[in-house]
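There are 4 protein chains.
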Amino acid sequence: MMKSLTEEILYKVINKRLNQSHKGTYGRVLIIGGTSQFGGAVIMNTIAAINAGAGLVTVATDPSNFTAIHSHKPEAMVINFNDDLTAYINTSDVILIGSGLGNRVDLVQAVFSAISEKKITIIDGSALTLAAEKHLSWPKGQLILTPHQMEWQRVSGVPIAQQPFEAFNLLARNKFTTKPIIVLKQFHSQIYTDDGIYELPIGGPYQATGGMGDTLAGIIAGFTAQFKTATLSDKVLAAVYIHSAIADELAKTQYVTLPTQISHALPTFMKKYAD
Amino acid sequence: MMKSLTEEILYKVINKRLNQSHKGTYGRVLIIGGTSQFGGAVIMNTIAAINAGAGLVTVATDPSNFTAIHSHKPEAMVINFNDDLTAYINTSDVILIGSGLGNRVDLVQAVFSAISEKKITIIDGSALTLAAEKHLSWPKGQLILTPHQMEWQRVSGVPIAQQPFEAFNLLARNKFTTKPIIVLKQFHSQIYTDDGIYELPIGGPYQATGGMGDTLAGIIAGFTAQFKTATLSDKVLAAVYIHSAIADELAKTQYVTLPTQISHALPTFMKKYAD
Amino acid sequence: MMKSLTEEILYKVINKRLNQSHKGTYGRVLIIGGTSQFGGAVIMNTIAAINAGAGLVTVATDPSNFTAIHSHKPEAMVINFNDDLTAYINTSDVILIGSGLGNRVDLVQAVFSAISEKKITIIDGSALTLAAEKHLSWPKGQLILTPHQMEWQRVSGVPIAQQPFEAFNLLARNKFTTKPIIVLKQFHSQIYTDDGIYELPIGGPYQATGGMGDTLAGIIAGFTAQFKTATLSDKVLAAVYIHSAIADELAKTQYVTLPTQISHALPTFMKKYAD
Amino acid sequence: MMKSLTEEILYKVINKRLNQSHKGTYGRVLIIGGTSQFGGAVIMNTIAAINAGAGLVTVATDPSNFTAIHSHKPEAMVINFNDDLTAYINTSDVILIGSGLGNRVDLVQAVFSAISEKKITIIDGSALTLAAEKHLSWPKGQLILTPHQMEWQRVSGVPIAQQPFEAFNLLARNKFTTKPIIVLKQFHSQIYTDDGIYELPIGGPYQATGGMGDTLAGIIAGFTAQFKTATLSDKVLAAVYIHSAIADELAKTQYVTLPTQISHALPTFMKKYAD
Numbered sequence: 022m023m024k025s026l027t028e029e030i031l032y033k034v035i036n037k038r039l040n041q042s043h044k045g046t047y048g049r050v051l052i053i054g055g056t057s058q059f060g061g062a063v064i065m066n067t068i069a070a071i072n073a074g075a076g077l078v079t080v081a082t083d084p085s086n087f088t089a090i091h092s093h094k095p096e097a098m099v100i101n102f103n104d105d106l107t108a109y110i111n112t113s114d115v116i117l118i119g120s121g122l123g124n125r126v127d128l129v130q131a132v133f134s135a136i137s138e139k140k141i142t143i144i145d146g147s148a149l150t151l152a153a154e155k156h157l158s159w160p161k162g163q164l165i166l167t168p169h170q171m172e173w174q175r176v177s178g179v180p181i182a183q184q185p186f187e188a189f190n191l192l193a194r195n196k197f198t199t200k201p202i203i204v205l206k207q208f209h210s211q212i213y214t215d216d217g218i219y220e221l222p223i224g225g226p227y228q229a230t231g232g233m234g235d236t237l238a239g240i241i242a243g244f245t246a247q248f249k250t251a252t253l254s255d256k257v258l259a260a261v262y263i264h265s266a267i268a269d270e271l272a273k274t275q276y277v278t279l280p281t282q283i284s285h286a287l288p289t290f291m292k293k294y295a296d
Numbered sequence: 022m023m024k025s026l027t028e029e030i031l032y033k034v035i036n037k038r039l040n041q042s043h044k045g046t047y048g049r050v051l052i053i054g055g056t057s058q059f060g061g062a063v064i065m066n067t068i069a070a071i072n073a074g075a076g077l078v079t080v081a082t083d084p085s086n087f088t089a090i091h092s093h094k095p096e097a098m099v100i101n102f103n104d105d106l107t108a109y110i111n112t113s114d115v116i117l118i119g120s121g122l123g124n125r126v127d128l129v130q131a132v133f134s135a136i137s138e139k140k141i142t143i144i145d146g147s148a149l150t151l152a153a154e155k156h157l158s159w160p161k162g163q164l165i166l167t168p169h170q171m172e173w174q175r176v177s178g179v180p181i182a183q184q185p186f187e188a189f190n191l192l193a194r195n196k197f198t199t200k201p202i203i204v205l206k207q208f209h210s211q212i213y214t215d216d217g218i219y220e221l222p223i224g225g226p227y228q229a230t231g232g233m234g235d236t237l238a239g240i241i242a243g244f245t246a247q248f249k250t251a252t253l254s255d256k257v258l259a260a261v262y263i264h265s266a267i268a269d270e271l272a273k274t275q276y277v278t279l280p281t282q283i284s285h286a287l288p289t290f291m292k293k294y295a296d
Numbered sequence: 022m023m024k025s026l027t028e029e030i031l032y033k034v035i036n037k038r039l040n041q042s043h044k045g046t047y048g049r050v051l052i053i054g055g056t057s058q059f060g061g062a063v064i065m066n067t068i069a070a071i072n073a074g075a076g077l078v079t080v081a082t083d084p085s086n087f088t089a090i091h092s093h094k095p096e097a098m099v100i101n102f103n104d105d106l107t108a109y110i111n112t113s114d115v116i117l118i119g120s121g122l123g124n125r126v127d128l129v130q131a132v133f134s135a136i137s138e139k140k141i142t143i144i145d146g147s148a149l150t151l152a153a154e155k156h157l158s159w160p161k162g163q164l165i166l167t168p169h170q171m172e173w174q175r176v177s178g179v180p181i182a183q184q185p186f187e188a189f190n191l192l193a194r195n196k197f198t199t200k201p202i203i204v205l206k207q208f209h210s211q212i213y214t215d216d217g218i219y220e221l222p223i224g225g226p227y228q229a230t231g232g233m234g235d236t237l238a239g240i241i242a243g244f245t246a247q248f249k250t251a252t253l254s255d256k257v258l259a260a261v262y263i264h265s266a267i268a269d270e271l272a273k274t275q276y277v278t279l280p281t282q283i284s285h286a287l288p289t290f291m292k293k294y295a296d
Numbered sequence: 022m023m024k025s026l027t028e029e030i031l032y033k034v035i036n037k038r039l040n041q042s043h044k045g046t047y048g049r050v051l052i053i054g055g056t057s058q059f060g061g062a063v064i065m066n067t068i069a070a071i072n073a074g075a076g077l078v079t080v081a082t083d084p085s086n087f088t089a090i091h092s093h094k095p096e097a098m099v100i101n102f103n104d105d106l107t108a109y110i111n112t113s114d115v116i117l118i119g120s121g122l123g124n125r126v127d128l129v130q131a132v133f134s135a136i137s138e139k140k141i142t143i144i145d146g147s148a149l150t151l152a153a154e155k156h157l158s159w160p161k162g163q164l165i166l167t168p169h170q171m172e173w174q175r176v177s178g179v180p181i182a183q184q185p186f187e188a189f190n191l192l193a194r195n196k197f198t199t200k201p202i203i204v205l206k207q208f209h210s211q212i213y214t215d216d217g218i219y220e221l222p223i224g225g226p227y228q229a230t231g232g233m234g235d236t237l238a239g240i241i242a243g244f245t246a247q248f249k250t251a252t253l254s255d256k257v258l259a260a261v262y263i264h265s266a267i268a269d270e271l272a273k274t275q276y277v278t279l280p281t282q283i284s285h286a287l288p289t290f291m292k293k294y295a296d
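Protein chains in written order, with the working numbering: chain X, 22 to 296; chain S, 22 to 296; chain F, 22 to 296; chain B, 22 to 296.
Treat the hints with care, as some may be off.
[As the list claims (entries may be wrong)] Distance condition first, Cα-Cα at most 27 Å in a straight line; then the derived DSSO-like pairs of lysine-lysine:
#1 B:K249 x F:K273
#2 F:K273 x B:K273
#3 S:K249 x X:K273
Treat the hints as calculated values from the structure; they're not laboratory data.
Can you build the whole structure from these sequences, using the hints too?
Quick look at the structure:
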């Protein structure tokens with residue numbers, strides 16, 4: 022049975038922060054993505070993750086993107102994604118890989134191999150396609166996949182026409198040792214978790230613009246790294262919900278809602294759920 | 022008979038988006054322009070096209086412009102305009118070429134040749150002058166030309182003193198196989214279409230600042246790519262109208278209206294026409 | 022007799038723009054300055070000149086500054102200041118040279134030599150010091166000098182203790198063939214013109230921060246290039262006045278007033294004087 | 022006895038500026054830090070120092086950071102931190118070293134050696150760790166150290182469990198010829214001065230995000246350089262207080278308070294204390 026997500030998920034997940042805490046408390050996020058051509062994707066990941074409240078964000082990307090990242094968010098640290106990332110992976114709580122990665126299958130493979138069981142990994146964009154096409158072994162640990170319908174078809178091997186419900190079950194049963202959380206992006210996105218399947222009843226076509234998914238992936242990273250008491254599923258559900266709830270709010274006065282605008286609204290929008 | 026454009030064109034063209042849609046629905050725009058010296062022109066194209074609601078925007082430009090583009094709009098993708106652009110042209114719905122292209126006649130010629138009959142091409146700035154001076158063959162498909170008066174003289178071969186009406190007819194009859202839409206930029210711009218000739222009764226001298234035309238070209242690209250039910254002529258007319266309507270609104274409180282300010286106002290300004 | 026500047030100068034100089042005009046009507050400004058180390062200076066020149074309403078602004082600077090200029094103002098064009106600037110000088114109405122130029126005496130000398138009698142040249146910052154130390158020949162045409170007190174001492178050869186009034190006369194009589202307009206920057210700046218000597222009664226210590234002079238120079242360039250009916254002296258007086266009038270306005274709610282904030286306020290602040 | 026800081030410290034330190042003053046009056050700050058990877062740290066130093074009211078700010082950093090610094094703050098000057106910094110140190114009033122310096126022990130050592138007795142030096146981040154690990158000689162002159170608890174343990178050699186009070190005394194007595202001011206960053210930060218030990222009763226976990234300390238260090242630099250009548254201790258106390266007071270204000274409407282937002286609020290927030 023598909024359950025409909027409600028605003029309740031935000032009250033459940035976004036808690037008042039404890040006084041005795043520091044930036045490490047709110048998680049270390051490692052974002053891996055952004056070739057020179059698609060550098061905007063990791064910029065949008067980064068703006069979203071930081072504004073969502075991640076404690077520390079490091080971006081492994083093409084060096085040509087460093088300046089633009091810092092122009093938006095000096096709060097982020099940057100590293101060359103061609104360097105050995107093992108140490109960075111080991112000291113991170115959450116890894117987001119794939120936004121704007123182009124055809125860097127070498128990089129995806131190396132990162133997937135280096136991820137240990139203790140990590141949470143969000144797999145987005147080209148990393149999904151590359152993993153499917155090249156039959157890569159998925160990383161250990163907890164996985165969150167954020168495919169569009171076409172990416173989901175590639176990953177699952179099940180045609181879109183037969184999606185979503187059965188496809189997920191088939192894939193989850195056969196291809197993954199631990200069941201990943203699947204955020205299937207579409208009109209009224211669906212989220213597949215161990216706790217059930219959820220549908221997002223909000224959002225709208227004003228969100229249909231390039232970079233919206235990169236922003237969602239960044240919010241998921243920020244929420245996953247930061248919140249302590251909620252389950253992983255609930256954190257993902259809350260991220261998906263808030264992303265469209267902000268868009269709905271902006272759409273009251275705008276024809277299109279740009280990805281970066283959604284990120285900028287996060288600190289204020291999150292406030293009321295924590296009181 | 023010259024017809025006077027009214028706000029009605031915005032109600033006609035800007036429709037509420039359909040729920041069942043995604044970013045591909047709103048068109049793929051390829052912007053080609055921006056030498057190192059004139060990189061600002063494609064930045065302004067890009068800000069305008071994205072804020073106007075284009076689904077996906079790729080900018081083919083000098084690599085020295087990548088960082089500044091991403092500082093303004095991480096939503097854009099970027100490619101080196103010295104690479105082979107054929108694949109990018111083939112997967113685009115709308116091509117905007119010429120803002121800040123300097124004397125890159127080789128590039129203009131290569132792009133013009135690669136454009137197939139199914140594309141909509143907006144030709145701006147230096148691409149117009151180069152095409153006229155070097156007697157290039159115009160691209161196939163539907164054309165939108167956005168000349169200043171002097172550029173129009175170069176393209177049409179008809180002196181400014183005899184413009185605008187007769188010049189257009191002469192040119193349209195003799196030089197183009199399909200009649201292009203001409204946006205003749207001047208005080209009270211005129212737009213030549215198959216449906217007639219229109220005059221813009223709004224706008225003012227607060228718009229007389231560098232980059233205003235680059236912004237207009239970007240809005241035309243965004244509107245052309247995005248709206249489905251209107252005719253191509255109406256989409257261009259709506260773009261020309263909204264560009265000056267926003268300037269008029271800003272001019273109520275400003276002495277000059279900067280190009281980037283007009284673009285930033287687009288999402289909010291467009292809202293009321295869609296309800 | 023020292024005359025006290027009043028807000029009247031803004032009503033006198035800032036006129037409603039004529040309908041039949043285009044960006045060329047509002048002047049071509051060439052800004053020359055900005056080594057890699059002092060690139061911020063030309064950025065502040067540029068933001069000020071564009072927001073003040075200059076028609077077209079080109080910045081000749083170290084190429085390492087191009088991206089930061091375009092991140093602030095895609096409306097500007099950029100060129101390498103090590104290229105031959107003669108053609109750019111010839112097609113400009115107003116040249117602003119010297120902000121952040123470091124010790125580039127070669128460049129100052131080459132530009133000074135290339136300037137013809139028809140140009141208006143604003144000489145700021147290091148160009149003043151270099152011209153004085155290296156005994157360069159001043160450019161032809163109309164000059165506007167914007168020295169701090171120490172720079173003025175270097176240029177005039179008269180000690181600060183004996184300034185301002187007598188020093189100016191001495192210098193103006195002996196060193197310049199045409200009398201330059203001198204903007205002597207200090208607490209209550211003084212402006213020496215053919216029409217008399219003026220004192221600025223407004224402004225305050227909230228302006229005492231790096232870059233304030235670069236912003237003033239940019240406003241002078243924008244006003245000088247743009248307004249048609251006022252005398253050159255009046256345009257300079259208006260630029261000096263508005264720079265501090267905006268600072269006074271901002272200082273009602275701020276402890277310090279940053280140079281870029283003054284520039285951003287220009288379009289709105291100028292509005293009321295044109296109605 | 023630990024004293025609790027109150028808003029009174031802001032009224033005491035932030036004075037109305039004198040009319041007869043210029044940018045030199047408000048101090049020259051030299052910020053040294055920012056490898057390519059950690060460039061965001063010096064950007065946040067810089068935004069904070071300039072908005073806090075420092076007269077002139079120069080940033081010695083990796084050249085890859087120049088453009089991003091100027092995108093945020095054209096008001097700053099930049100130099101390559103691999104150049105000889107002696108002349109820059111000698112002409113500065115306040116030196117802030119260490120934010121985002123990575124493992125550049127060579128640079129820390131060279132700067133420490135070049136600092137004369139007349140300077141005020143703020144030592145932050147990696148400079149603290151490197152100084153402790155490599156047993157560097159501390160600079161002459163007045164020192165302000167801004168350690169996290171773990172950095173303080175490294176510097177003092179006293180385990181966190183035994184901190185804070187006794188550790189400070191032990192260190193201050195044995196390791197430094199002149200007693201440094203210690204800003205021990207933690208929940209309710211403590212500041213150790215010759216005038217006593219102070220505790221910050223404000224601030225909250227919304228500040229627990231990367232870059233918050235870099236922003237604090239920048240405010241300390243700006244306050245230390247700028248204010249003339251207060252003691253050095255009071256200037257540091259005021260900087261620490263205002264940093265969290267602004268965060269508290271922002272937190273009324275935001276879930277997290279980003280470092281750059283705190284800096285942007287400085288000019289307005291400081292205003293009321295100067296009247």
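Hints versus structure:
no. : hint            : verdict
1   : B:K249 x F:K273 : holds (22 Å)
2   : F:K273 x B:K273 : holds (24 Å)
3   : S:K249 x X:K273 : holds (22 Å)
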